[in-house]
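Visitor: Chains as they are written, first to last, in my numbering: chain Y, 1 to 473; chain F, 1001 to 1242.
The following residues of chain Y were derived to be distant from chain F, with all beta-carbon distances above 10 Å:
{"id": "1", "residue": "GLU77"}
{"id": "2", "residue": "ALA149"}
{"id": "3", "residue": "ASP174"}
{"id": "4", "residue": "GLU179"}
{"id": "5", "residue": "PRO185"}
{"id": "6", "residue": "THR300"}
Covered by chain Y, per the in silico footprint, the following chain F stretches (three or more residues, Cβ under 8 Å):
{"id": "7", "segment": "1014-1026"}
{"id": "8", "segment": "1066-1080"}
{"id": "9", "segment": "1178-1190"}
{"id": "10", "segment": "1223-1235"}
Rather than coming from a laboratory, the hints here were simulated on the basis of the structure.
From the three backbone atoms N, C-alpha and C, an ideal C-beta is built for every residue, glycine too.
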Amino acid sequence: MSQAERTASAEPFPRAARAALPNRQMRRNLLHATTTIRAKRALAVAELADWEELRDAGAAIKSSALVSLDRLLVDLEAAVTRRGGVVHWARDAVEANDLVTTIVRAEGVDEVVKVKSLTTDEIHLNEALEAAGIHALETDLAELIVQLAGERPSHLLVPAIHKNRTEIRDLLRDRLGIEDLSDDPTDLTAAARSFLRDAFLRSRVAVSGANFACADTGGVVVVESEGNGRMCTTLPEVLVTVMGIEKVLPSFLDLEVMLQLLPRSSTGERMNPYTSVWTGVHPGDGPQAFHLVLLDNGRTRALADEVGRDALRCIRCSACINVCPVYRQTGGHAYHTPYAGPIGAILEPQLVGERGAAASLPFASTLCGACADVCPVHIDIPALLVHERAKVVSNKRPGLEAASMKLLGRVFRSRRGYERAQRIARFLQRPLVQNGWMQRFPPGPLRAWGRSRDLPAVPRQTFREWWQSRDGA
Amino acid sequence: MEDTNRLETIQAVATALFITCLADTLSPDVGRATVAVLERAGVEVEFPPEQTCCGQLHFNAGHLDEARALARRFVEVFDGYDAVVAPSGSCAAHVRTHIGELTGQDRGVPARTRELSQFLSERTSVELDSGFRGRVAYHPTCHSLRLLRLGDQPLSLLRTVGGVELVELPDAEECCGFGGTFAVNNPDVSAAMLDAKLDAVVASGADVVCACDASCLMHIGGGLRRRGSEVRALHLAEVLAA
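Please model the complete structure; the sequences and the hints are all you need to start from.
Guide: What follows is the structure, encoded as structure tokens:
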């Protein structure tokens, strides 16, 4: 399936969410995990007296990188090439997948090990490799769990957040053929570890994403917790990295800010356990061939929008997701994109265009603003949600909703029209009202409200009618 | 140069009540209580009858042309008043932040607009003399919390009422799931969020859940009534005016 077909076939958010909500187990897991992680984040952030200044610096670094992307990417290409790497440019998912497939095929292998990577999820690289007869084995524990279950990740950072340890025990027992396995996390990790060690030692090719790349040195950075990523970036002979073009930083020195912002925002740690930085190829040390695939796939489209481009600052920490009251109910699958939650709702429609299911995402928010308060690079997510909504509205062919909003706008534009509308509503509601409350809900928005909530009727006297009677008295 | 004499005349009389279309049409009790509180605080308030809606509904739904037209209209209607006070964190936030952007005015009407508790807190030691009695859980609505940054201004006002016993609302800062058109366009998620909020309200042991927005209270109150709960959803003004 192509990316366009996948987007077209995806369900709009309200329907997908409705399907997800009955899964009580998933929602309990989600609530528990996100509550824990946001409490940790709050503590880790409160430790730093200069957190707000760090956020400002992070936003400034990413913004300046985005407006000089044309120059920085060419610099990055030159630096990587100078150090013995090979840089490839991919306009879209198809080009990127073809490039990676060709590189892996040339090595004559039918299996690669993978570092956890959202970008390769975005382009569905695993499926593309599978179609070429190459198995891509996920080595991040949670990604592996999701892969073994035949599912897709539900959270940027904690892909298996929707599963609990009993479910994971059953899965590992069935798929890895381990008879005697408890649901103790230590046992589960040990089982996965021995399975993965074999894979690290036999694989000749690894595929990764990147958290950052430094235009001045050509250094590529992966930030992780388990060390399995580092196994992939050091043991195999060939390393292929797929990186969105917005991940480039002007300088290696910018990591000083980014590596403080990212772990504290994402896992709530002062420092993540493993930060790997590799620069080209070093004889006798690590992979002897390094390919960097620079991916556009809609990013230049987002960049062209002077307001919307702020979403490209995102460093994929997932802090916004963990505080989002909508995500906390539905989980990530309802968003049909690896970029779930508030950031997904502004990024996905910009990457693929504001149509189909992607057009429903900017509306999957109450604009409560919790996301903006925690974003480490100061993305004004609620403002961007409204901006994306406006794009959806202007893209759509005028329908019932647009017509009613227009009508309502006209009503509000004059006192006479507004007061008349109040009187008409009071008249029309009469057969539906009892004791001052709506008793029956006609189809449409009122019924959607009435499914789970009561609604007061328009009272005998509106406020303004009371005011006038009082004024007259 | 501003005419000083004119300013003084205005200061003497000109505090305008922006009631909000929702409170005007569906929660007139909130409006009456707001007037009572303001008058007890010694504020002579006017109600410009030309007012309708600030356009927040259109703005949040992405209908920016309508939102801009309503923003301009709002500024015209309330121009000339020394202060504009609204019993809604959400509408006050829209006026202060977005109407400023939409009309290119960051001074003037947007800057002179206040949410009710903000307005009262800026006046020194208001004696409101409320006879309210009961256990109250305060729900900080999202826009009063994160756009207006009201902080504990509403709580400070509630603490001045002798009969109010404040109880802690678990996860108070979580959204109730209203979100304007979100409540009807994503009704299932909205209901799930509301359920979590109602569970918290019930767990708090409160008789009353209190907030600074008639819209969120219509949502929470509608949910409580559907559950058959005895807990009442009251606006801050209603508690202060009791």
